[in-house]
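Novice: Following the hints, position chains B and C against chain A.
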Amino acid sequence: MPSKTFPGNYFEDFAVGQEIVHATPRTVTEGDIALYTALYGSRFAMTSAATFAGSMGLERMPVDSLLAFHLVFGKTVPDISLNAVANLGYAGGVFGAPLYPGDTVTTTSTVIGLKENSNGRTGVVHVRSVGVNQKGETVLDYVRWVMVHKRDAAFPAPETVVPDLPGAVAAEDLHVPFDLTGVDYAGELTALAGSTDLWDDYEVGERIDHVDGMTIEESDHMLATRLYQNTAKVHFNALAQRETKIGRRLIYGGHVISLARSLSFNGLANAQVVAAINAGVHANPTFAGDTIHAWSEVLERIELPGRTDVGALRLRTVATKDRTCEDFPYKGEDGKYLPEVVLDLDYTVLIPRR
Amino acid sequence: MPSKTFPGNYFEDFAVGQEIVHATPRTVTEGDIALYTALYGSRFAMTSAATFAGSMGLERMPVDSLLAFHLVFGKTVPDISLNAVANLGYAGGVFGAPLYPGDTVTTTSTVIGLKENSNGRTGVVHVRSVGVNQKGETVLDYVRWVMVHKRDAAFPAPETVVPDLPGAVAAEDLHVPFDLTGVDYAGELTALAGSTDLWDDYEVGERIDHVDGMTIEESDHMLATRLYQNTAKVHFNALAQRETKIGRRLIYGGHVISLARSLSFNGLANAQVVAAINAGVHANPTFAGDTIHAWSEVLERIELPGRTDVGALRLRTVATKDRTCEDFPYKGEDGKYLPEVVLDLDYTVLIPRR
Amino acid sequence: MPSKTFPGNYFEDFAVGQEIVHATPRTVTEGDIALYTALYGSRFAMTSAATFAGSMGLERMPVDSLLAFHLVFGKTVPDISLNAVANLGYAGGVFGAPLYPGDTVTTTSTVIGLKENSNGRTGVVHVRSVGVNQKGETVLDYVRWVMVHKRDAAFPAPETVVPDLPGAVAAEDLHVPFDLTGVDYAGELTALAGSTDLWDDYEVGERIDHVDGMTIEESDHMLATRLYQNTAKVHFNALAQRETKIGRRLIYGGHVISLARSLSFNGLANAQVVAAINAGVHANPTFAGDTIHAWSEVLERIELPGRTDVGALRLRTVATKDRTCEDFPYKGEDGKYLPEVVLDLDYTVLIPRR
Chain A
1 MPSKTFPGNY FEDFAVGQEI VHATPRTVTE GDIALYTALY GSRFAMTSAA TFAGSMGLER
61 MPVDSLLAFH LVFGKTVPDI SLNAVANLGY AGGVFGAPLY PGDTVTTTST VIGLKENSNG
121 RTGVVHVRSV GVNQKGETVL DYVRWVMVHK RDAAFPAPET VVPDLPGAVA AEDLHVPFDL
181 TGVDYAGELT ALAGSTDLWD DYEVGERIDH VDGMTIEESD HMLATRLYQN TAKVHFNALA
241 QRETKIGRRL IYGGHVISLA RSLSFNGLAN AQVVAAINAG VHANPTFAGD TIHAWSEVLE
301 RIELPGRTDV GALRLRTVAT KDRTCEDFPY KGEDGKYLPE VVLDLDYTVL IPRR
Chain B
1 MPSKTFPGNY FEDFAVGQEI VHATPRTVTE GDIALYTALY GSRFAMTSAA TFAGSMGLER
61 MPVDSLLAFH LVFGKTVPDI SLNAVANLGY AGGVFGAPLY PGDTVTTTST VIGLKENSNG
121 RTGVVHVRSV GVNQKGETVL DYVRWVMVHK RDAAFPAPET VVPDLPGAVA AEDLHVPFDL
181 TGVDYAGELT ALAGSTDLWD DYEVGERIDH VDGMTIEESD HMLATRLYQN TAKVHFNALA
241 QRETKIGRRL IYGGHVISLA RSLSFNGLAN AQVVAAINAG VHANPTFAGD TIHAWSEVLE
301 RIELPGRTDV GALRLRTVAT KDRTCEDFPY KGEDGKYLPE VVLDLDYTVL IPRR
Chain C
1 MPSKTFPGNY FEDFAVGQEI VHATPRTVTE GDIALYTALY GSRFAMTSAA TFAGSMGLER
61 MPVDSLLAFH LVFGKTVPDI SLNAVANLGY AGGVFGAPLY PGDTVTTTST VIGLKENSNG
121 RTGVVHVRSV GVNQKGETVL DYVRWVMVHK RDAAFPAPET VVPDLPGAVA AEDLHVPFDL
181 TGVDYAGELT ALAGSTDLWD DYEVGERIDH VDGMTIEESD HMLATRLYQN TAKVHFNALA
241 QRETKIGRRL IYGGHVISLA RSLSFNGLAN AQVVAAINAG VHANPTFAGD TIHAWSEVLE
301 RIELPGRTDV GALRLRTVAT KDRTCEDFPY KGEDGKYLPE VVLDLDYTVL IPRR
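Protein chains in written order, with our numbering: chain A, 1 to 354; chain B, 1 to 354; chain C, 1 to 354.
Next comes chain A alone, as it looks inside the complex (with noise of 0.2 Å):
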């Protein structure tokens, strides 16, 4: 008899063109929101208060995208990345239609690339996700590359494919959920919303430092990745974990991108929907015990074709572990990742103009 349970797919299982319905839909609900403030603070107001959704012209209280983000990223990983080495990137992550509670999230993936590496026992996949709600409407659309094993370094390597990777996300292809037509924003909203620092006040280069700082704990980072539904066992199996040469469970690298940007308020206060996901590499583990800060710098000011009323910045929002972020720190002279620094991820959010 066969035997009942997925191992997972191994290197050889991929094929270019193949396309993968992942296991368990996904309805979102107001205690999915309760729970991801209760595990990162989050204070945007706009995923905060249906009043100030409301006053943007939303008609409900959305999810966090990056909520979505972790939901459509956890159905990938029986079939993805049970066997991978490592996660590698991520690139042209599009936020589609909001997310709101009741929504049901189905994600399928479709096999892209693929490359043996020389030593012949591992090889690189990527995939392209597509997370769509129960109208059909897609939320989220990114592809991720990871090195996974192969099952038997005997089987022959397969035709390299190495897909052309988008670059950061065009503005004609980022999704604006509101609408602030005949709102004044400016006036009337940013007390509310922590700050009067509009997309016009920012400048390409700029620097801050989000001051502040979490600790992370073996439950907190446990609690949020099963509220995922991410079946990695790297961050659940103790045991397991104690084998390897790390000894310990390493922290799902999502729960430090949601960490950075709730600390990100402090600085970004207006910044209320993250749009687009352009590029991230997770530079360092992470594990219980670490105190992540965060910076971020303004790599482009990007005006909206058509809009006058938001604009979008992209971001590059480094998140470190157990050092403060006033100098910056990101790469040593060797142009590798200080060892401190955690995330360093590319991303697009929406801002309102004055």
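If you're looking for bench data, these hints aren't it; they were derived computationally from the structure. Check the hints yourself; a few may be wrong.
Some chain C residues judged to face chain B by a derived CB distance under 7 Å, without partners named [unchecked claim]:
#1 Glu188
#2 Leu192
#3 Val211
#4 Met214
#5 Glu217
#6 Ser219
#7 Asn266
#8 Gly267
#9 Ala288
#10 Thr291
With a cut-off of at most 30 Å between alpha-carbon atoms, the simulated DSSO-like pairs for lysine-lysine come out as follows [as the list claims (entries may be wrong)]:
#11 C/Lys331 x C/Lys115
#12 A/Lys336 x A/Lys150
#13 B/Lys245 x B/Lys331
#14 C/Lys115 x C/Lys336
#15 B/Lys245 x B/Lys115
#16 B/Lys331 x B/Lys115
#17 C/Lys233 x A/Lys331
#18 B/Lys331 x A/Lys233
#19 B/Lys233 x C/Lys331
Ideal Cβ placement from N, Cα and C applies to all residues, glycine included.
Specialist: Chains B and C alone, transformed into the frame defined by chain A:
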């Protein structure tokens, strides 16, 4: 003035036939569902996605039936087992009306058995506990028995009444909350459910190692046990536990049941509903830091009267601490549970047929 | 370019009469209720069961009023107490309109007192903070005062203004959110509420040991404090706390208030509503690992104007760390709090009459 605090009942406070209305009815919400997901990472599709539940003919997404179990169990603790030495067993647990967000559960217990131990200091109490929803429909009906301290060893022993305990819940007593008539579950829903293995594919005697492991932290089990409003002191009070032989907080046995059920997804993904708990033993205590693994054996494959869309499997699921389950650890040559075995649960799940 | 981050206000930034609109209004949901239950295990029936709330004449199940307190308090932290040396006291806290899931709370504070300390480096700021719902109804109105650092000791002292602090909230100012006219609470609801002791059964001077104890973990208090969007650094940043005399994270005093209230169920089960906070002192710091116990004394038995269905009790609830309360620990012979006492709360609850 009599004390305002309630010390819990002692053995001599119980009488056969006595009915106890338990305090604090409990309204279940989407917040409970989100927390349940965060605590256990459960991935069964029917209780994760409203769309999937709809495809199975349910009007809304129901709550995991084990959450109903924990809520009903929790209510009985202040009256039944606050002065318990040990929770000895379960029998005849039948899940009735599915629980939906917004439903309120009220729990009542009837004492059905009493037997003083020969030491004169403790006795065994059997209770049948019934949780009903706001419409008066039974949500859960089960028997458990506990060993309870006497307040006063000199108090005369009651007449011994040992109830006839039900064996495994019979096929005709199982409640199926969904209807797959006209639904091509095998063709259309298995990809989203996470497995193509249906009722027809399991064989009596088949054993499944669920592979994954989950480490428990103090916060995790305390959050869960408080969510269920279970007041057993041993789970919460490190100060008092330091004075005991065991020296530390004990994890609520039901927390391990839910973890084992969640781990069983890998091998039993289509077992959408726990319909009955036939018997259960918490074989050894579980503590924070322990990593739980689980394996299952198919005890019976049960046809349901008048149903060709769904069948039942009677399962034994065994959970271990700090030991993987590829060799199906259970009992030693002396017939006693191995020290790593923490749960031996005999229960019945519903699983669609081809 | 001016800094985009907000360092919080210092003593010299406050002026008597100044009004501060606090950032991030907050919509309360069923998710918050579930988390509140998971964090404290509260068992008061009116805030646990929609059916019970309905029996008390409420249209829906309200949120625990202490959750409203935490949300309002949390909002004031970034503006009022980010640079505080200590939270000195509370007064005149009146709960108004009950908070229901879906309601949004917005908080505003007015500076009502300023007094520089003789050391010239700190001063005491009194603020009156008001939380209103989306209909403009007051949810909570209270005064607190904090000792805040000066940014610059050379800055001249302001004119001293010490406000007249209200004493205990008067009977006519208490808001009763339910109506038991025509309801036989004593006969029909006490079993579900968990006690037959009603307003009539308590005597002034009576003391109650609430018996149970609860150990706090780092994750527990941080989840709670983030849920309230409270940004006080001392609760979250282990790295920064290591540099302080105390060496570790401090637990938010409000977390202890909610734990003490939850423990008080055993002895005060019919005290369904906290209607006022008259005064409060966080007598000693609480840390992760501490086990909290509590006891209460009845300070006053208050008749409510025009009401025969319900009365109020003014209570002192004292919480301790790592010490049980059968001997009602409070102050030493020197009049100072015992080192194990962490909370001395003077508040008023509503409790049905016979």
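Novice: Each hint needs a verdict: does it hold in this structure or not?
Specialist: Hints and how they fare:
Given hint, C/Glu188 at the interface with chain B, is violated; its Cβ is 11 Å from that chain's nearest Cβ, farther than 7 Å. Because the beta carbon of C/Leu192 sits about 6 Å from the nearest beta carbon in chain B, less than 7 Å, this interface hint is met. Below 7 Å, beta-carbon pairs count as interface contacts, and C/Val211 has one with chain B at about 5 Å; its hint therefore holds. A hinted interface residue such as C/Met214 counts as satisfied when its beta carbon comes closer than 7 Å to some beta carbon of chain B; here the least separation is about 5 Å, so the hint holds.
About 4 Å separates the beta-carbon of C/Glu217 from the nearest beta-carbon of chain B, less than 7 Å, and the hint is met. A least Cβ separation of about 4 Å between C/Ser219 and chain B falls short of the 7 Å threshold, and the interface hint therefore holds. At a threshold of 7 Å, the smallest CB-CB gap from C/Asn266 to chain B is about 5 Å, leaving the interface hint in force. At its closest, the beta carbon of C/Gly267 sits 4 Å from a beta carbon of chain B; the interface hint therefore holds under the 7 Å criterion.
With its C-beta approaching chain B no nearer than about 10 Å, C/Ala288 sits outside the 7 Å limit, and its interface hint is violated. This hint holds: C/Thr291 has a C-beta 4 Å from the nearest C-beta of chain B, less than the 7 Å allowed. For the hint linking C/Lys331 to C/Lys115, the alpha-carbon distance of about 28 Å falls within 30 Å, and the restraint holds. Under the criterion of a C-alpha separation no larger than 30 Å, the hint pairing A/Lys336 with A/Lys150 is consistent with the structure, at around 28 Å.
Under the criterion of a C-alpha separation no larger than 30 Å, the hint pairing B/Lys245 with B/Lys331 is consistent with the structure, at around 25 Å. Restraint check for C/Lys115 and C/Lys336: satisfied, since their Cα atoms lie roughly 24 Å apart, inside the 30 Å limit. Straight-line distance between C-alpha atoms of B/Lys245 and B/Lys115 comes to about 26 Å, which keeps the hinted pair within the 30 Å bound. Proximity of B/Lys331 to B/Lys115 is assessed by CA-CA distance (about 28 Å); at most 30 Å being required, the pair is judged to hold.
Using a Cα cut-off of 30 Å, the hinted pair C/Lys233 and A/Lys331 holds, with the two alpha carbons roughly 27 Å apart. The suggested pairing of B/Lys331 with A/Lys233 holds, with an alpha-carbon distance near 27 Å, which does not exceed 30 Å. The hinted pair formed by B/Lys233 and C/Lys331 meets the criterion: a straight-line CA distance of about 27 Å does not exceed 30 Å.
Checked against the numbered hints listed earlier, the structure breaks hints 1, 9; every other hint is satisfied.
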